[in-house]
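Q: Whole structure, please, built from the sequences with the hints as guidance.
Number of protein chains: 2
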Amino acid sequence: MPRPVFIVSDHTGLTAENIARALLTHFPGQPLRYLRRPFTSDAQAAQAVVSEVEALAASGERPLIFTTTTQPDVLEALQTAPAQVFDLLTENLRLLEGEFAEPPQLGAGGHHDMQDSEAYLSRMEALDFALATDDGIGDKQYGLSDVILVGVSRAGKTPTSLFLALQHGIRASNYPLAEDDFEREGLPAPLEQYRSKLFGLTIDPRRLHAIRTQRKPGSKYASIEQCEYEVRRASALFARLGLPVKDTTSASVEEIAAGVLALLRQSGRLEG
Amino acid sequence: MPRPVFIVSDHTGLTAENIARALLTHFPGQPLRYLRRPFTSDAQAAQAVVSEVEALAASGERPLIFTTTTQPDVLEALQTAPAQVFDLLTENLRLLEGEFAEPPQLGAGGHHDMQDSEAYLSRMEALDFALATDDGIGDKQYGLSDVILVGVSRAGKTPTSLFLALQHGIRASNYPLAEDDFEREGLPAPLEQYRSKLFGLTIDPRRLHAIRTQRKPGSKYASIEQCEYEVRRASALFARLGLPVKDTTSASVEEIAAGVLALLRQSGRLEG
Numbered sequence: 146m147p148r149p150v151f152i153v154s155d156h157t158g159l160t161a162e163n164i165a166r167a168l169l170t171h172f173p174g175q176p177l178r179y180l181r182r183p184f185t186s187d188a189q190a191a192q193a194v195v196s197e198v199e200a201l202a203a204s205g206e207r208p209l210i211f212t213t214t215t216q217p218d219v220l221e222a223l224q225t226a227p228a229q230v231f232d233l234l235t236e237n238l239r240l241l242e243g244e245f246a247e248p249p250q251l252g253a254g255g256h257h258d259m260q261d262s263e264a265y266l267s268r269m270e271a272l273d274f275a276l277a278t279d280d281g282i283g284d285k286q287y288g289l290s291d292v293i294l295v296g297v298s299r300a301g302k303t304p305t306s307l308f309l310a311l312q313h314g315i316r317a318s319n320y321p322l323a324e325d326d327f328e329r330e331g332l333p334a335p336l337e338q339y340r341s342k343l344f345g346l347t348i349d350p351r352r353l354h355a356i357r358t359q360r361k362p363g364s365k366y367a368s369i370e371q372c373e374y375e376v377r378r379a380s381a382l383f384a385r386l387g388l389p390v391k392d393t394t395s396a397s398v399e400e401i402a403a404g405v406l407a408l409l410r411q412s413g414r415l416e417g
Numbered sequence: 146m147p148r149p150v151f152i153v154s155d156h157t158g159l160t161a162e163n164i165a166r167a168l169l170t171h172f173p174g175q176p177l178r179y180l181r182r183p184f185t186s187d188a189q190a191a192q193a194v195v196s197e198v199e200a201l202a203a204s205g206e207r208p209l210i211f212t213t214t215t216q217p218d219v220l221e222a223l224q225t226a227p228a229q230v231f232d233l234l235t236e237n238l239r240l241l242e243g244e245f246a247e248p249p250q251l252g253a254g255g256h257h258d259m260q261d262s263e264a265y266l267s268r269m270e271a272l273d274f275a276l277a278t279d280d281g282i283g284d285k286q287y288g289l290s291d292v293i294l295v296g297v298s299r300a301g302k303t304p305t306s307l308f309l310a311l312q313h314g315i316r317a318s319n320y321p322l323a324e325d326d327f328e329r330e331g332l333p334a335p336l337e338q339y340r341s342k343l344f345g346l347t348i349d350p351r352r353l354h355a356i357r358t359q360r361k362p363g364s365k366y367a368s369i370e371q372c373e374y375e376v377r378r379a380s381a382l383f384a385r386l387g388l389p390v391k392d393t394t395s396a397s398v399e400e401i402a403a404g405v406l407a408l409l410r411q412s413g414r415l416e417g
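Line by line, the protein sequences are chains A and B. Offset between the first sequence (1-based) and our numbering: plus 145. Offset between the second sequence (1-based) and our numbering: plus 145.
Zero decoy hints are in this set.
A pair holds if it fits inside one copy or across any two, identical chains being indistinguishable in the list.
Calculated lysine to any residue pairs in the SDA-like style (CA-CA distance at most 20 Å, straight line): (1) K365 to D349; (2) K361 to L266; (3) K285 to K361.
Calculated directly from the structure, the hints in this document are not laboratory data.
A: Right under this line is the structure:
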């Protein structure tokens, strides 16, 4: 029976789950099942979780509880459960209290997503931008982009631009490389002036072949010859232009996005 | 001068930054600046961060360091920096070691995004699905959806479906409510059979008016009368169909998505 892992938060629980997973990934042999209890924001809701834990413990299971709550009554209730509680914030809050020489405002916690609503709006605007400019794009929009992802079809441009928008409020647009660009051996004129915003994505041709085959099996588009040709020409173009390039073959969107963010920071176009 | 907050990770640093923000949100009066140092995965990279911290400390600043690294040499280096270090995982790993009665596999850490590559592929597939079905959708695709978000234009359907896909691998499609549906006082026939997958999004008409005005200022579409009319008719439809409904007026996509996930779990269509 996989061990129950309770994720308890007074908000969505995303942060609590991410850190629980970051921890539990170090015990790859342990079978686990996640039980998410978001919006557990008062003692009564916490007591309901405790009852669930008690029922599982009574039948011989050994639940774990991960929580990012900072509400004393919720924490107090959870501590009565027959389970190891991983209180992810309290000890760190105490350290911060010492650093800042002021007590934490406990009511303010958890809602860090919407709280900074200017940042939130910029994420939603960036998402609209990414959706509006995905693949088809006008010259004007290149000027509004924070970054322009360049690569062959299915190299990872769209997921990365959506992730950059949703998570980081970065306006990312795409430029899909195609035959015209390879024949020209360069970028179209409107893009040339934004060379400092360009970021190249490359991919192993065999992986590209597999991805394209899922979409259009047996097509020239998906053939290994076509994939090898496009990737080779794209790489040559990136080298000639001196673009920063990320290989997406075994990279997640999180990793590709981290590469883009690092570039923006290095070039001073993004703080931090 | 805003206080420097270093985010140090051997991977993308998203988890470390989220937990740092969850903590620091409790000290809303403190001016901060974030300095992200992802992919700090060996002692040499850690030493470079320490040098940066030293330089800032020498000019009178008091940096903070948040890290999710579990590599002993990286941690050891960071501990020599003239800054408070928030070591977010080590103590919890020790607790887990006791619970599981086995040592953590330290090399395995951090890369929890791509590690479970089946989960990653399902996220990318769900994203393709959300993009392919956004707004325009065929009957066949409703059957493949995990959830179908229903609401008037600009009520939050698209960002929510993209977020559900990118973060959770949930296949969410959209059904935009329009005049036809209000006149019919019901859903189109193909949607009726998927009633158990429907999830209604509502919004305050004044907020909707503001959002639509940004898009098409002065249009009938954006007028407060039209917004009030659509929201009223949509709410009546949700009530008649008995749909679960989330008000998106002051909810983030994370919060709306959490509501959808809770519904899927309650109805047994999603584990946990």
